[in-house]
Amino acid sequence: MEAVTECNELSHYVLTAIASNRFGRDIGWKLLQENWPTLYERFRQSQLVIQRVTTSSFSLFATEEKLKEVEVFFKANPVPEASMEISRTMETIRSRVFWWNRAQGEIISWLQGHS
1 MEAVTECNEL SHYVLTAIAS NRFGRDIGWK LLQENWPTLY ERFRQSQLVI QRVTTSSFSL
61 FATEEKLKEV EVFFKANPVP EASMEISRTM ETIRSRVFWW NRAQGEIISW LQGHS
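Residue numbers (UniProt numbering): 1 to 115.
Heads up, some of the hints might be wrong.
As the list claims (entries may be wrong) - Computed Cβ-Cβ distance ranges for the label pairs, DEER-style:
{"hint": "1", "residue 1": "V14", "residue 2": "N101", "range": "33 to 43 Å"}
{"hint": "2", "residue 1": "Q47", "residue 2": "A17", "range": "33 to 43 Å"}
{"hint": "3", "residue 1": "A62", "residue 2": "V14", "range": "48 to 58 Å"}
{"hint": "4", "residue 1": "P78", "residue 2": "L111", "range": "38 to 48 Å"}
{"hint": "5", "residue 1": "F23", "residue 2": "R88", "range": "20 to 30 Å"}
{"hint": "6", "residue 1": "E106", "residue 2": "N35", "range": "39 to 49 Å"}
{"hint": "7", "residue 1": "A62", "residue 2": "P37", "range": "37 to 47 Å"}
What the hints assert, rightly or not - Here are the computed lysine to aspartate or glutamate pairs in the DMTMM-like style, where the Cα-Cα straight-line distance is at most 20 Å:
{"hint": "8", "residue 1": "K68", "residue 2": "E85"}
{"hint": "9", "residue 1": "K66", "residue 2": "E34"}
{"hint": "10", "residue 1": "K68", "residue 2": "E34"}
{"hint": "11", "residue 1": "K75", "residue 2": "E64"}
{"hint": "12", "residue 1": "K30", "residue 2": "E69"}
{"hint": "13", "residue 1": "K75", "residue 2": "E91"}
{"hint": "14", "residue 1": "K30", "residue 2": "E41"}
{"hint": "15", "residue 1": "K75", "residue 2": "E41"}
Simulated from the structure, these hints should not be mistaken for lab results.
Don't be surprised by glycine CBs; every beta carbon is placed ideally from N, CA and C.
Given only the sequences and the hints, what does the whole structure look like? Please build it.
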């Protein structure tokens with residue numbers, strides 16, 4: 001991560017790319033958490049960049065556990081520059097959790113009947 005946090009102003013593209021796919025989402029989230037003071041200081045001058053860096057790190061989550069992690073992290077580390085985007089992204093995760101909890105039984109039954 002040091003290479004990402006210490007490199008030039010384009011490093012937010014690397015972080016966003018890592019976190020924006022299913023293979024890198026947990027890595028991106030961990031990188032954000034472990035390097036938050038450095039990342040926040042580097043990117044907070046640009047509202048758009050800080051929004052992208054923060055929300056891309058957790059936007060693909062879909063479990064209650066991950067939602068709770070995100071809520072706890074941003075309660076302890078508020079980001080006024082990205083608060084609306086963070087709230088919207090957390091609401092998207094809540095919707096995924098709700099959908100899964102509602103549809104889980106039907107999906108499992110369908111899969112069992114078609115395998």
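These are the hints, each one checked on the structure:
In this structure the supplied range 33 to 43 Å holds for V14 paired with N101, their Cβ-Cβ distance being about 34 Å. For Q47 and A17, the hinted distance range of 33 to 43 Å is not satisfied, since their beta carbons lie about 20 Å from each other. At roughly 24 Å, the beta carbons of A62 and V14 sit outside the given window of 48 to 58 Å. Look at P78 against L111: about 41 Å separates their beta carbons, and that is inside 38 to 48 Å.
At about 24 Å, the CB distance of F23 to R88 agrees with the hint of 20 to 30 Å. Under the hint 39 to 49 Å, the C-beta atoms of E106 and N35, about 41 Å apart, fit the expected range. Here the CB-CB span from A62 to P37 is close to 28 Å, at odds with the stated 37 to 47 Å. For a cut-off of 20 Å, the pair hint linking K68 to E85 stands: about 17 Å separates their Cα positions.
Annotation: proposed proximity of K66 to E34 holds, straight-line Cα distance about 16 Å (limit 20 Å). For the suggested pair K68 and E34, the alpha carbons sit about 17 Å apart, so the restraint of at most 20 Å is met. As the CA atoms of K75 and E64 are separated by approximately 16 Å, the hinted pair is consistent with the 20 Å bound. Between the alpha carbons of K30 and E69 the distance comes to roughly 11 Å, so the proposed pair stays at or under 20 Å and holds.
A hinted pair counts as satisfied when its Cα atoms are at most 20 Å apart, and K75 with E91 qualifies at roughly 15 Å. This hinted pair checks out: K30 and E41 have alpha carbons roughly 17 Å apart, not beyond 20 Å. Under the criterion of a C-alpha separation no larger than 20 Å, the hint pairing K75 with E41 is consistent with the structure, at around 18 Å.
Figure legend: structure checked against the earlier numbered hints; hints not met, in rising order: 2, 3, 7.
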